[in-house]
Every structure is written in structure tokens, then in C-alpha cells.
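K.L.:
Spelled out, the chains give:
Protein chains: 2
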Amino acid sequence: MANDTITGPWGFLVAGVTCGIKKSGNYDMGLIVCPTGAKAAAVFTTNKVVSAAVQISKQHVKSTGIYAVVANSGNANACTGKQGLNNAIKMCTETAKQIEVDPHKVLVASTGIIGEQLPIQRIVTGIGRAVDKLSASPAGGLSFAKAIMTTDTKPKQASRRIEISGKRVTIAGAVKGAGMIGPNMATTLCFLTTDAAITKPLLARALKDAIGNSLNKLTVDGHQSTNDTAILLASGLIGNRPVTKQCPRYRRFAGAVAEVCDDLARQMAHDAEGATRIFKVVITGAVTKADATKAARAIADYPLVKCAVNGGDPNWGRIICAVGSCGVKLKVGKLSCRLDDLTVFRNGSPTKFDAKKASKIVSQKEHTITVNLGTGKHTDFCYGCDLSREYVAINADYHT
Amino acid sequence: MANDTITGPWGFLVAGVTCGIKKSGNYDMGLIVCPTGAKAAAVFTTNKVVSAAVQISKQHVKSTGIYAVVANSGNANACTGKQGLNNAIKMCTETAKQIEVDPHKVLVASTGIIGEQLPIQRIVTGIGRAVDKLSASPAGGLSFAKAIMTTDTKPKQASRRIEISGKRVTIAGAVKGAGMIGPNMATTLCFLTTDAAITKPLLARALKDAIGNSLNKLTVDGHQSTNDTAILLASGLIGNRPVTKQCPRYRRFAGAVAEVCDDLARQMAHDAEGATRIFKVVITGAVTKADATKAARAIADYPLVKCAVNGGDPNWGRIICAVGSCGVKLKVGKLSCRLDDLTVFRNGSPTKFDAKKASKIVSQKEHTITVNLGTGKHTDFCYGCDLSREYVAINADYHT
Chain A
503 MANDTITGPW GFLVAGVTCG IKKSGNYDMG LIVCPTGAKA AAVFTTNKVV
553 SAAVQISKQH VKSTGIYAVV ANSGNANACT GKQGLNNAIK MCTETAKQIE
603 VDPHKVLVAS TGIIGEQLPI QRIVTGIGRA VDKLSASPAG GLSFAKAIMT
653 TDTKPKQASR RIEISGKRVT IAGAVKGAGM IGPNMATTLC FLTTDAAITK
703 PLLARALKDA IGNSLNKLTV DGHQSTNDTA ILLASGLIGN RPVTKQCPRY
753 RRFAGAVAEV CDDLARQMAH DAEGATRIFK VVITGAVTKA DATKAARAIA
803 DYPLVKCAVN GGDPNWGRII CAVGSCGVKL KVGKLSCRLD DLTVFRNGSP
853 TKFDAKKASK IVSQKEHTIT VNLGTGKHTD FCYGCDLSRE YVAINADYHT
Chain B
503 MANDTITGPW GFLVAGVTCG IKKSGNYDMG LIVCPTGAKA AAVFTTNKVV
553 SAAVQISKQH VKSTGIYAVV ANSGNANACT GKQGLNNAIK MCTETAKQIE
603 VDPHKVLVAS TGIIGEQLPI QRIVTGIGRA VDKLSASPAG GLSFAKAIMT
653 TDTKPKQASR RIEISGKRVT IAGAVKGAGM IGPNMATTLC FLTTDAAITK
703 PLLARALKDA IGNSLNKLTV DGHQSTNDTA ILLASGLIGN RPVTKQCPRY
753 RRFAGAVAEV CDDLARQMAH DAEGATRIFK VVITGAVTKA DATKAARAIA
803 DYPLVKCAVN GGDPNWGRII CAVGSCGVKL KVGKLSCRLD DLTVFRNGSP
853 TKFDAKKASK IVSQKEHTIT VNLGTGKHTD FCYGCDLSRE YVAINADYHT
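Note that the protein sequences, when read in sequence, are chains A and B.
Per our numbering, the very first residue in the first sequence carries number 503; after that it's consecutive.
Per our numbering, the very first residue in the second sequence carries number 503; after that it's consecutive.
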């Protein structure tokens, strides 16, 4: 059976362990080691308040080779002042000591509750246990995916295999994130591995583009956390002819990274806190790309739209309302809205659509809302999920 | 007993009736008549898609005297094209015919489902019944407050009495709105009456300022509808020396209008869909007023903060996270946060605060979150309410 976890690509040893940060006793620490050193790229939260881990990893990722990534869940180590910073450094130095590398060549990531200090002694002990447990098996990869979970109900993993200069390159990823998810970055934590040989700038570009069109297009509650981090490690061990420019080989590689990220983003949307359905919002006819992005997000974030989707209610009026209030340019007389391929609003007036068909569309596991602003030629999209219960008990039933 | 409804001020006849827009059979049409003609001021939604009623009322409010306001709930008459516009006009002409005035001197307001045509024949019949039922009694005022309700669980009314040049001036208001409430305007529909004599420009100014500091400071789900309308009618019948400039008499009047609007805004917050608690967010130390406004709203709108409040959980990390991600200038090393008078985060580090006391504060019916951005001297505030259940079952319990 193929190994679809982050140990799928050659050159990575991975483990997940329990070190006692979470009261539940579930896995709460993960470790990725690349014994030969990996080229690394990372994207971090743009929140102005960032975790200690983000501060440290932002520096360390500049190193020429990364040998390990240590991650914990259950505690974000954010808003923890100088002590928090020292603890993040300690996680790196302790990992580095165990595997005998320079601490600056270790990355660190944390997720969980904000504002509490890490139980650093337990973590130090945990790092030792994780090193002992390192494995290139699928079980090792899965244990890592579990170790980064917070309110996620299931581990989220994806992988793709492509050919580059006759070699079978693997790209794999594990992600966590169920709430506190807004565009830029809708990730919380995302770890990607590959055995491709590629230059660091191109690796960074492939990651940035992939995140931009996947995790950054997902909104659960419209906010990004203090800790969001996506890391892509390339061991180069598959031995392909190194990707050094934006040639077809690069595009194939970047395309596969994008597919893995898109897969992970959709898994995140489906596993968003309380979500039962996801939807894609596509904006067309915008006067600028920025307007398209803004309008797509406004719809995906609008609680009343999210509740309507939960109720399987084709309440397109709320979609139009969200677009109208988000500040983008639009022509009311040309404004149109489709649910999948069913037009419900055309040129500013409602159509006589089949209500049963509309309800059926909105009741699917996934559907697409398309809104044409009627002002230009730009387009963008966003993934969203429904919002359930209490708030819904009032809003989803309001139509009938 | 004092009449605290919109029939409290001299010169207004009011009614609420059932005309069959709502399937529930509840009141769904309200009528306010000022037989002597009132000076009128209004504030409307800034949504780019506006209801037919808003389009018509925006024109009619320019008239020198307003004799009636006709309002319906259960149908927003928005996104209804030309037919919707004709129906809004019909509501004015029919009311005007019944009370024998110029149709341009009648205002109209609608609230409810978007995108469906009004049952105009029922409304025409209803207007006739409302005219027959007009009354200056408290019961008349209350019936109107009920007639504008949608998902509201109770009618919302407020009034204040002040003395101006020896006369006892009354200002009263009725408001509806439980969801689709964002700043600018957090109103949906708001109707205010007064018997003060005051010039039209000052009346408009008093309304604008009052709304700006009350209904516009309230966010339930961060969006404004296609229909938001606030109307202030002044009959002038109390016979005070007319308020013609920004003198102490004007300030007293404007202050009372502001108090009525603040009272109504808080009632709306408490009756927001699913809400069990409200909170006030105060931002200090902002580099600009706009930053203060933005940060206050970001916190009040943040689902995870709203869920924490629902759970009585002093999860201040989410507050800091919301501030950090909203794009305002801040100094992390000077960032501080208080819950009522309890400092939980000071100069970028957590304090050792009494957790029980913090939980008690957040568990109150109302509490205040104060955040100092540490960058300047500007300040602003915003009212928010909690978010309940399912989403909460995951988020509110996450801290423990």
C-alpha cells in the first residue's frame, strides 16, 4: 500500500507522542527529522501578534539546511512574553541536542490555547521520547498528523506523486485547523514534505502560490491566529535533475504542491468546527481582483449565508445582501447570482427558479455560489462552510 | 401611567395590524400618522443594494412635511426589481389616499425576507385597517412596535422626557432588529417621534449623531441589511421655543435622542438572535479614531470571542488574536487588556489574575472589554453579544 503520509517522500523520519500538554492524554507533540538536511520554505501568519514559535521559526528558516521541525498542540505559546520566547528556543535546542545539529536548523510550531506558558519540562521529556519513536512508516506519519490536532475531529493528510526527469517525486502534507481560520492563512499549522530536488527560491515560490490558492482561500470564522505556519521541506533524495528555473518541471512540481494544499484545505473546511457542508464562492465580473477576493470572502464569512447553507435553504437574498454591504463596486442592474448552474437572480431581479432544485443544490455536501458583480472582468474564489444550530435554529428556518 | 411608546409625544396616531404577510398571523404592518405634518430626518443603510422602500423614502424625506410612515415586516421588498419599486410607491399612494395627503409626504419601510414580491393587495387592505385603528394610546404605540418585529422575541421601545424652554418635550422610539446587524446601521428599522419644535437640519444632526453613537456601535453578525432605516419625526406640538441653533437647548434635545437610541441599541443587543449576554468593547491608545473603531468591531465580531463570552470563559487570548489580525497599528510590548477593571494582559505579557474573578466578570449580563493598543491617544467603542450553542459546544469549552 502506498504511504500517503508525510513519511511518503524519501528522507523523513517522523513521530507523534503524548507529553502531557493536553489533559485528554491524546498525542500533543510531533517531530519531523530530515537526517540529510532539507531545503525549507515557510509561510507565516500576518497577525501582528505572533507566537513565540513563529518568531523563532521566521529566523531559523533562513538557515541553509533544516534538520527538524518540532511541533506541539494544546498550547499556542502566544502572548507569553519573554518566558514564552525562551521556551520556544528551548524546544529547538533540546531537539537539536538529541539529533546533534545546530539549533538554528530546527523549526518550531505551536497551536492551542493562547496566553499560557508551556509545560517545558514535559516537552523536553517528550522530545526525547519522540526521537526514540522516529520512523519512516505510514504509522509514524499518521501519529504526527494526530499530534498537531486541536479541535479537529480527524487527522488530515494528502499526497501526490508526479514524475520529474524520470524520477517519481512525492509531495505529502499534514494539516490541522478547525477554528480561528481566515484567509491569510487559513492554515493554523501545515507541514509538507517532498523528496524533490529544487532550489530554495523555487521551493518558496511553489509553497507561497499553493497556499495562496488553497489554505488562504478558506474561511471558517474569518480570523487568522497568532500561530499560523506552513512549512515545506525538500530532502532532494529522489535524485531528479534539480529544478532550478520556472520550466515545465517546476510547473509540474508546483501544480502537485497546489493539489496537495487544495486537498488539505477542503478537508479542513469539511472538518471545520460544527460544519456539515462546505461551499465555494466564485465572484466574476469584478472591477479589480481585490474586489473579487473581498466579495467572495464577505459571502463565505456571512453568518446568515452560512446558516442558510446549514438549513439547505437557497436564501440567495442574503448572498446579495453580503455583497452589497462589503464595499465592492457593483452594478445593481447587472448583478446576478447562480447556485451551481441554477440562476436565481439576474440583472437585479429574481428569476422564477425551481425552488426544489435550488434546495437540493444547497443541501449537497459541496456546492458553488457564483455572483457576477457586472462591473468588470476580474474573478476570484473562496471556500466556506456552514454554521450550525442555535443561531441556525433562528436563521435557517427564517425563510419558511 | 406615563406613555413610553411612540405615541407618547404629542401629535402622533399609531397602529399595528395583521395583513397576512407573515404566515404566523402576527402583526406585520405598522402605521404612524402625524395629522399636522412633521419635520422628518432619516438615516439609511449604506449597503449598495437597497430595498425599494429605502429608494422611495430617500426621495420622500426631502419633503417639507411628513404626514405618515407605513412599515411592514415579513418581507423586505429588496432585490425585487421594478415591480418591487412599484409596490413601495403603492404603499405610499394608498396611505396618502386614505389620509388625504400628497404621496410624496409618506415614508415607507420594509423588513423581512429578501427577493420576494410583496403581497400588495393584502397590504392595501391592511393599510385601510390600520387607518381605522389609529390611536394615540400606549396600546397603539405597542402594536406598532410589535408590527415591525421579525425574529425579535419582544417589542423594543424607549422614551425620555426633558424640559426645553419650560415645556416638557418627549422623545420616544421603537426599533426592530435581531440579526443582520452590523455597524452602519445596526438598526434594521428604527422609528422615533418627538413633539419638540426644532429645525429640520438640527433634527437631522441630532438623529445622525445619536445613531452614530448607539445603533451604529452595535454588531450582531457584522453585516448591514438592504433595508436599514431610522426615521425621526418631530411634530413640534409641545410648543417649546423652537430649537434653531446648537445652543444648550439643542444639546439637551440631542442628548435625549442619543439616550433613547442607546437604550434601544442595548435592547437590540440583548434580544439579538441567540444572545444571552452583551458586552462593550472599548479601545484606547489607538493611533487614529478609525483604528479604534476597527479594532473594537473586530473583537465584537470575532466568533471565538463571542463563544467565550457565551461560556463565561475569560479567554483573553482570543481578544488579542482578534486585535492582532484586524490590521490596526499596535505595539505588542505595550498591548494591554482588561475585563471590567481586571487587567489580564499588560505590556505584552499575561498577568497573574484571579481566574474565578475573571470568569465572574465575563458571566455577567453585561461586561466591558478594554484593550489599549499602546500606539496613540484615540478611543472608540462597540457593543457586541455572545454566540451560542453548537459552535460554542466546541469553542467555549476549549479553554478548560
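FYI, nobody ran anything at the bench for these hints, they're computed from the structure.
One or more of the hints may lead you astray.
Unchecked claim - Simulated pairs of lysine to any residue, SDA-like, Cα-Cα distance not exceeding 20 angstroms: (1) A/Lys831 <-> B/Gln619; (2) A/Lys836 <-> B/Lys550; (3) A/Lys858 <-> B/Gln619.
None of these values were measured; they are calculated from a predicted model.
K.L.:
Next, verify each hint and record whether it holds.
P.N.:
How the hints compare with the structure:
Only pairs whose Cα atoms come within 20 angstroms are accepted, and A/Lys831 paired with B/Gln619 is rejected, the gap being roughly 26 angstroms. Among the hinted pairs, A/Lys836 with B/Lys550 is consistent with the structure: their alpha-carbon atoms are about 13 angstroms apart, no more than 20 angstroms. Simply put, A/Lys858 and B/Gln619 have alpha-carbon atoms about 19 angstroms apart, close enough for the 20 angstroms limit, and the pair holds.
Against the hints set out earlier in the document, a violation occurs for number 1 only.
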